[in-house]
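Visitor: Given only the sequences and the hints, what does the whole structure look like? Please build it.
The listed protein sequences correspond, in order, to chains A and B. Position in the first sequence (from 1) plus 820 gives the number in the numbering used here. Position in the second sequence (from 1) plus 206 gives the number in the numbering used here.
Certain hints may be false.
[As the list claims (entries may be wrong)] Chain A is nowhere near these chain B residues, computed Cβ spacing over 12 Å in every case:
hint, residue
1, V271
2, I346
3, F383
4, E402
5, N408
6, H411
7, W420
8, L444
9, L470
10, S493
11, T500
12, I551
13, Q554
14, A565
[Claimed, not checked] The calculated SDA-like cross-link candidates involving lysine to any residue, where the alpha carbons are at most 25 Å apart (straight line), are:
hint, chain 1, residue 1, chain 2, residue 2
15, A, K935, B, L555
16, B, K443, A, M934
17, B, K443, A, R925
No wet-lab data here; the hints were simulated from the structure. Quantities reported herein were computed from a predicted structural model and do not represent experimental measurements. No residue lacks a Cβ here, since even glycine has one placed at the ideal position from N, Cα and C.
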Amino acid sequence: MSNELLRLDGVTKRYGPNTVLKDVSFTINKNEVVGLLGDNGAGKSTLVKIMSGVVPMTEGSYSWEGKAVPNVNRAETERLGVETIFQDSALVPQMSISRNIFMGREMTNALGFMKIKKMDDIASEILDTVVTIEGIKSSKQLVQSLSGGQAQAVAIARAVHFKRSLLILDEPTSALAVRATEALLDYLVQLKSEGVSSVLVTHNLHHAFQVCDRHIVMNHGKKILDVKREETTVEELTAAVVGGAEGLEKYRANKKK
Amino acid sequence: MSDEKKSGTELHVLTAPLQTETIQTIRRLADNKPKGFWGKLTSNLQFIRGRGALEISVVAVVLLVAYSIWSLADPENFRFLSEQNISGVLTQSVPLLGILAIAVGILMVAGEFDLSLGFALAFNAVIFIRILEWTGNIWIGVIGGILSGTLVALINGLIVVWTKIPSFIATLGMGFFWGGAGLFVNGPNSVSLPNEYTKDGNLFHFTFAQDFGWFRSQIIWLVIIGTLAWYFLHRHKLGNHIFAVGGNPAAAKAISIDPNKVKLMSFGIYGALVGLSSVIFIARIPSVSPAGTTTQDFTLFAIAAAVVGGASLVGGKGSVFGMIVGAALIELIKDGLILGFDAGIYLQLFVGVTIVLAAVFNKYMEGKAS
Ligand SMILES: Nc1ncnc2c1ncn2[C@@H]1O[C@H](COP(=O)(O)OP(=O)(O)OP(=O)(O)O)[C@@H](O)[C@H]1O
Ligand SMILES: [Mg+2]
Chain A
821 MSNELLRLDG VTKRYGPNTV LKDVSFTINK NEVVGLLGDN GAGKSTLVKI
871 MSGVVPMTEG SYSWEGKAVP NVNRAETERL GVETIFQDSA LVPQMSISRN
921 IFMGREMTNA LGFMKIKKMD DIASEILDTV VTIEGIKSSK QLVQSLSGGQ
971 AQAVAIARAV HFKRSLLILD EPTSALAVRA TEALLDYLVQ LKSEGVSSVL
1021 VTHNLHHAFQ VCDRHIVMNH GKKILDVKRE ETTVEELTAA VVGGAEGLEK
1071 YRANKKK
Chain B
207 MSDEKKSGTE LHVLTAPLQT ETIQTIRRLA DNKPKGFWGK LTSNLQFIRG
257 RGALEISVVA VVLLVAYSIW SLADPENFRF LSEQNISGVL TQSVPLLGIL
307 AIAVGILMVA GEFDLSLGFA LAFNAVIFIR ILEWTGNIWI GVIGGILSGT
357 LVALINGLIV VWTKIPSFIA TLGMGFFWGG AGLFVNGPNS VSLPNEYTKD
407 GNLFHFTFAQ DFGWFRSQII WLVIIGTLAW YFLHRHKLGN HIFAVGGNPA
457 AAKAISIDPN KVKLMSFGIY GALVGLSSVI FIARIPSVSP AGTTTQDFTL
507 FAIAAAVVGG ASLVGGKGSV FGMIVGAALI ELIKDGLILG FDAGIYLQLF
557 VGVTIVLAAV FNKYMEGKAS
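Guide: What follows is the structure in structure tokens.
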């Protein structure tokens, strides 16, 4: 049996005349943490949106456990168990923490009326166990009253609560303090043992190197590197992220000398 | 390279052992619940602040108490507490504006407006009367009026959702269209309810405009619609989706809520309530201009009531309770001006000031919201 979870083949994404992704192919395996790296504007977030079904691809194919998924949309990926923490616009500021966590997946009775108290309690529980972050007073607090890091913690808590097979994190640690970051990275490793894969998008190569089994480096919409941790170094990743394909070549040439 | 040095220290920080004691001493949210009656009450009030209509309700109650005291002290000149004022004015005007404010408010929570409301009110009334004339059955007419309201709003909504032009512009244009459509269907003469439906003993009259002494049928409609709307908007998942879409459509979409569907649903609910309001309106005022001149003022008064009650002009915020209180406050101010100062002609001036003050106040409270 193949170990493959999600595979993208020949994915191209165009926004009008702009080609943002060019013929990108890769696989995410079961029980794997994959780092998705690259400079600003390299196309990481676009790939994340395609993987989570929020944005359609222009060309290419999407398959799950070896089976093609013809119409990828968010409802479909939700069914597959994909959960995403988006870099932008994940939460509704005017709504409470608990309503944000259960947005679109409200706990209701048969008639669709929400079990408010139950959702509040579970939201508190999630915030206590998943992300340990200071300063949140209650799950009834509005998200607009939270700090950037606290809001990020809520987005993480939601994804972690609903994930089943793949957790995609687009720069989840950009607003987190050291302790919360460390806890989250540890958590990704722990998830592997529970059979949940993750894709981590980050600009911090040391974070990526610390937890990822494999690294994919994007540059101007193309995949330029896809290596296992054992076969690379932080220096090589840095060269690829900063210098692109040329930088990578140069680095390798220098090393051979 | 200095870059490498920087990341080098980061690595060092990250590989430092975690201080587990600090994690254990973090206060748990689940243990942090308010205890006892007062604890729970103050905690809940704290969360209502700036979201619902706590402050504006206080203003309305203060006004009500002041009017009542004034009226008790000077019953001859300030006839606020008279049966004629309460039943003849307030329990008719407050429910109509209240239901319209709920309609508009739900749409505003979804992040949209409908400036064609006044024209649509007249158009639905025309359709109602026309169907009554054709079928001879007033209840089919009532249903027709409500369906007409729903359809009119859905057409407005489809234009907004499809073309992506701001609803402000789309419905401004469609307002003239519906005004014209009313004239087209009916001709220039005003429409009116046949006399038999305006008398005591008639079931239609009983349902929509009966005088019960100190109150009228309309107030019961406000209670029913208000309760249903509250449960829908604040307790049903579809209401929750309206808040999500109005607050941040991108976030809603990312979680597989379709903003277009939710907006259309909001237009539909809004329209059904406007259709019902047309029926309630014509039951009381038996003559309506098909071009919308009699009903035009309702457009902005309904939006004003929702805003006074705390609904946000950019979506994602509002409460049914606030919408009703907003409508009541506007009608109370009107009533007081007319009764106390015989200043009906300055109505707009005072209502205008109230709206601006309420908006400023809500903005200020928003900053304080927890
Ligand atoms: N909706 C859009 N319409 C047009 N162009 C877009 C759109 N979204 C992204 N792009 C473009 O696609 C390119 C890749 O963007 P993307 O957000 O995927 O980059 P990224 O790798 O996530 O960058 P960052 O590290 O800054 O988050 C950018 O040049 C961006 O301008
Ligand atoms: Mg990005």
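Visitor: Against this structure, judge whether each hint is valid.
Guide: Taking the hints in turn, this is what the structure says about them:
1. V271: The claim holds: V271 of chain B sits with its nearest Cβ about 31 Å from chain A, beyond 12 Å.
2. I346: holds, 29 Å
3. F383: holds, 33 Å
4. E402: Answer for E402 of chain B: holds, closest chain A Cβ roughly 40 Å.
5. N408: holds, 35 Å
6. H411: holds, 34 Å
7. W420: With a cut-off of 12 Å, W420 of chain B remains clear of chain A, as the shortest Cβ separation is near 34 Å.
8. L444: violated, 7 Å
9. L470: holds, 17 Å
10. S493: Given that every Cβ of chain A is farther than 12 Å from that of S493 of chain B, nearest at about 42 Å, it holds.
11. T500: holds, 36 Å
12. I551: Per Cβ check, I551 of chain B is outside 12 Å of chain A; nearest 39 Å; holds.
13. Q554: holds, 31 Å
14. A565: Consistent with the label, A565 of chain B stays out of reach of chain A, its closest Cβ about 16 Å off (over 12 Å).
15. A:K935 <-> B:L555: violated, 45 Å
16. B:K443 <-> A:M934: holds, 6 Å
17. B:K443 <-> A:R925: holds, 9 Å
The structure fails hints 8, 15 (numbered hints given earlier, in ascending order).
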